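Colleague: So the chains spell out like this:
2 protein chains.
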Amino acid sequence: MTKTILFKNRPSGKPETSDFEITQEEDPKPAEGEILLKSLYISVDPYLRGRMRDEESYISPFKLNEPMESNIVAEVIDSRNSNFKKGEFVSGMLQWKELQVSKGTGLNKVDKKLAPLSAFLGVLGLTGLTAYLGIEKIGNLKAGETLVVSGAAGAVGSVVGQIGRLKGCMVVGIAGSDEKVQHIEEKFGFEKGINYNSTNNMRKAIAEICSDGVDVYFDNVGGEILDAVLANINKDARIINCGAISLYNETEVPLGPRQEGILIKKTALMQGFLVRDHAKDFGPALRQLAGWLKEGELQYDETIVEGFENLPEAFIGLFEGKNTGKMVVKV
Amino acid sequence: MTKTILFKNRPSGKPETSDFEITQEEDPKPAEGEILLKSLYISVDPYLRGRMRDEESYISPFKLNEPMESNIVAEVIDSRNSNFKKGEFVSGMLQWKELQVSKGTGLNKVDKKLAPLSAFLGVLGLTGLTAYLGIEKIGNLKAGETLVVSGAAGAVGSVVGQIGRLKGCMVVGIAGSDEKVQHIEEKFGFEKGINYNSTNNMRKAIAEICSDGVDVYFDNVGGEILDAVLANINKDARIINCGAISLYNETEVPLGPRQEGILIKKTALMQGFLVRDHAKDFGPALRQLAGWLKEGELQYDETIVEGFENLPEAFIGLFEGKNTGKMVVKV
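Protein sequences, first through last, are from chains A and B.
Mapped onto numbering that gives the first Met the number 0, the consecutive letters of the first sequence carry residue numbers 0 to 330.
Mapped onto numbering that gives the first Met the number 0, the consecutive letters of the second sequence carry residue numbers 0 to 330.
So that you can see chain A by itself, here it is in the shape it has in the complex (with noise of 0.2 Å):
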């Protein structure tokens, strides 16, 4: 028998394990064509809260009483497809299943020489993708700006901060506990850490910090830390906006300050940024990134949860800030 999640009830607020259900179900048999799987590595991340919702958006919700997907690193461990040998590892978008069996389509292959198996789904996976590309396509980074990112001890943050560093910018980064602060600056080489959590004026503390103003924010959280980058900005400031945590458990439609304002007076620009837009860059982004990391250039931190029945869990865990980078899963 193989456990399967299936999701369950949609969360109004922020998600409960009740919203998920933990199955079993025979072991499947790959078909011909078909390669048999075996998950090793899941990743739980915070843009599966939008799924749960049942509303159009650039990815397909959720549906009732259905598995649950997420990016995973698998062991192909039967193959009736030319294209995947017995012992190989993948990685790609995938049911939250002990075993399942695929097509192959969309799935990638991953080299274990490389970097640990878990990577792949963090700096090696769409996190560093998101980072390295949201860098590349809407940051416009140049040596000596100011380059804030919120979620900085996060899967993404944490990457964005480097590459920042890498590419001779003052790098600031925003987190919720002085732990976090201090970790992004020993371990990743950010100039500066500020905790929101610990810091009343925001605004006024990214002010203080960032005395040239902010050339690019590298938005993971959105909401009020964004109100206050966007109080010190630069005229031509960049806005990568990767993410809005803060937001994703709101019921009702969060208001605040206009932002249009602030636009216009500092001709600054506000970009949404979805990796998946840019596969076809993610050769030679992957490329780079694996020789930052060759040459020790690129740290990275995961919280691996051991256990496949954590994953709801695990995956909770995101909103209250319960890991440092990136959240996966080992079954």
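These are computed hints drawn from the structure, not numbers from a lab.
A hint or two may mislead.
One copy or two, either will do: identical chains are not told apart, so a pair holds if it fits within one copy or between any two.
Said to hold, decoys possible - Dumping the calculated DSS-like pairs for lysine-lysine here, alpha-carbon to alpha-carbon at most 25 Å:
#1 Lys62 x Lys265
#2 Lys62 x Lys234
#3 Lys264 x Lys136
#4 Lys264 x Lys279
#5 Lys62 x Lys279
#6 Lys141 x Lys112
#7 Lys62 x Lys264
#8 Lys111 x Lys84
#9 Lys234 x Lys136
#10 Lys2 x Lys85
#11 Lys265 x Lys13
#12 Lys28 x Lys203
#13 Lys264 x Lys13
#14 Lys279 x Lys234
#15 Lys329 x Lys166
#16 Lys234 x Lys108
#17 Lys136 x Lys265
#18 Lys279 x Lys265
#19 Lys279 x Lys37
Keep in mind the model is a prediction, meaning the values are calculated, not measured.
Model the placement of chain B on the given structure of chain A, informed by the hints.
Modeller: Chain B in isolation, oriented as in the chain A frame:
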């Protein structure tokens, strides 16, 4: 004696005529290197409201008890500067005076044969340039796309709509009266207009008319109309934040639905635009606009208010929708 209009009081909401004072002074005399200018047409523009606030912005605030200034077309009536001849016409940022002297810095000569002199404050002035360059620099319009323009009967909006039509777009205009809607459809060739004053649900009205969604929004007004358009944007939409007249007279920070969520979901771009940043592109842009004007492809409206002393009222009228097209005062 020559009349001058001084800035007397910083308004907290909508400006009033008592915020200005008309005074008289001796006729100025040009020193060596100077020219004597007689104001013929004086531009009043919404952005001047921003200069009435005592805060640093892209252009310095007006000082109390000093003359107002804006773009003016003037005649050189005396010259002690070899670059200018008596009888020539110039345009540039000048003071609200009947007569004034200038060293000529920042003034552009104006060719009376190309268009009526007042046009150099509108379709062949900063408002025409704003329309053209806002589209060129941010809009990235493609034939077949849907372009929505607010302030569509205004000096900038009417030109934006016509450029959109010339580029093969479906152009929808938002304006404040049925007369304006009829006007933009009949004179400027908008596909369709929406009267926001008689429309309860702008979001729905836009959805019905723009059945393929909105690809580009040229925003002159901000506020709730921006919200309604954002609710209808397509993937990879571009929003040119050119003006926010709906907010200029607000005395507190205006609130609205947070925009970062929709920007991410649609990977949309919002960017502030100030025409002054693009002075190096004015030459080619003006040649294109003048070409279209000559070919009859570009129509324009002016609301000409007669009398120097009516400048404050003409300016205030901008916030009451009293103008159709460019508001100009004829001295």
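Colleague: Determine for every hint whether it applies to the structure shown.
Modeller: A quick look at each hint next to the structure:
Taking identical chains as interchangeable, the C-alpha atoms of Lys62 and Lys265 lie at most 25 Å apart only when they sit on different chains, with a minimum of 22 Å there against 43 Å within one chain. Within a single copy, Lys62 and Lys234 get their C-alpha atoms only as close as 44 Å, which misses the 25 Å cut-off; across copies the closest is 23 Å, which meets it. In this homomeric assembly, Lys264 and Lys136 come within 25 Å of each other (Cα to Cα) both inside a single copy, at 23 Å, and across copies, at 17 Å. In this assembly of identical chains, the alpha carbons of Lys264 and Lys279 lie at most 25 Å apart only when taken from different copies (20 Å versus 35 Å within one copy).
Taking the shortest alpha-carbon separations for Lys62 and Lys279, neither the intra-copy value of 29 Å nor the inter-copy value of 54 Å comes in at or below 25 Å. For the identical chains of this complex, Lys141 and Lys112 are neighbours neither inside a copy (33 Å) nor across copies (46 Å), given an alpha-carbon limit of 25 Å. Within a single copy, Lys62 and Lys264 get their C-alpha atoms only as close as 44 Å, which misses the 25 Å cut-off; across copies the closest is 19 Å, which meets it. Taking the shortest alpha-carbon separations for Lys111 and Lys84, only the intra-copy value of 15 Å comes in at or below 25 Å, while the best inter-copy value is 78 Å.
In this homomeric assembly, Lys234 and Lys136 come within 25 Å of each other (Cα to Cα) both inside a single copy, at 19 Å, and across copies, at 16 Å. In the homo-oligomer, the alpha carbons of Lys2 and Lys85 lie at most 25 Å apart inside one protomer (22 Å), although the nearest pairing across protomers, at 90 Å, exceeds that limit. Taking CA atoms no more than 25 Å apart as the test, Lys265 paired with Lys13 passes between copies only; the shortest distance there is 23 Å, against 36 Å inside one copy. In this homomeric assembly, Lys28 and Lys203 never come within 25 Å of each other (Cα to Cα): the closest approach is 60 Å inside a single copy and 50 Å across copies.
Only between protomers do Lys264 and Lys13 lie at most 25 Å apart by alpha-carbon distance; the minimum there is 20 Å, versus 36 Å within a single protomer. Taking CA atoms no more than 25 Å apart as the test, Lys279 paired with Lys234 passes between copies only; the shortest distance there is 18 Å, against 32 Å inside one copy. For the identical chains of this complex, Lys329 and Lys166 are neighbours neither inside a copy (34 Å) nor across copies (54 Å), given an alpha-carbon limit of 25 Å. Taking CA atoms no more than 25 Å apart as the test, Lys234 paired with Lys108 passes in neither setting, with 44 Å inside one copy and 30 Å between copies.
When the C-alpha separation of Lys136 and Lys265 is checked against a cutoff of 25 Å, the pair qualifies both within a copy, at 20 Å, and between copies, at 16 Å. In this assembly of identical chains, Lys279 and Lys265 lie within 25 Å of each other by CA distance solely across copies; the values are 19 Å between and 33 Å within a copy. For the identical chains of this complex, Lys279 and Lys37 are neighbours neither inside a copy (27 Å) nor across copies (60 Å), given an alpha-carbon limit of 25 Å.
Hints 5, 6, 12, 15, 16 and 19, counting from the list given before, are not met by this structure.
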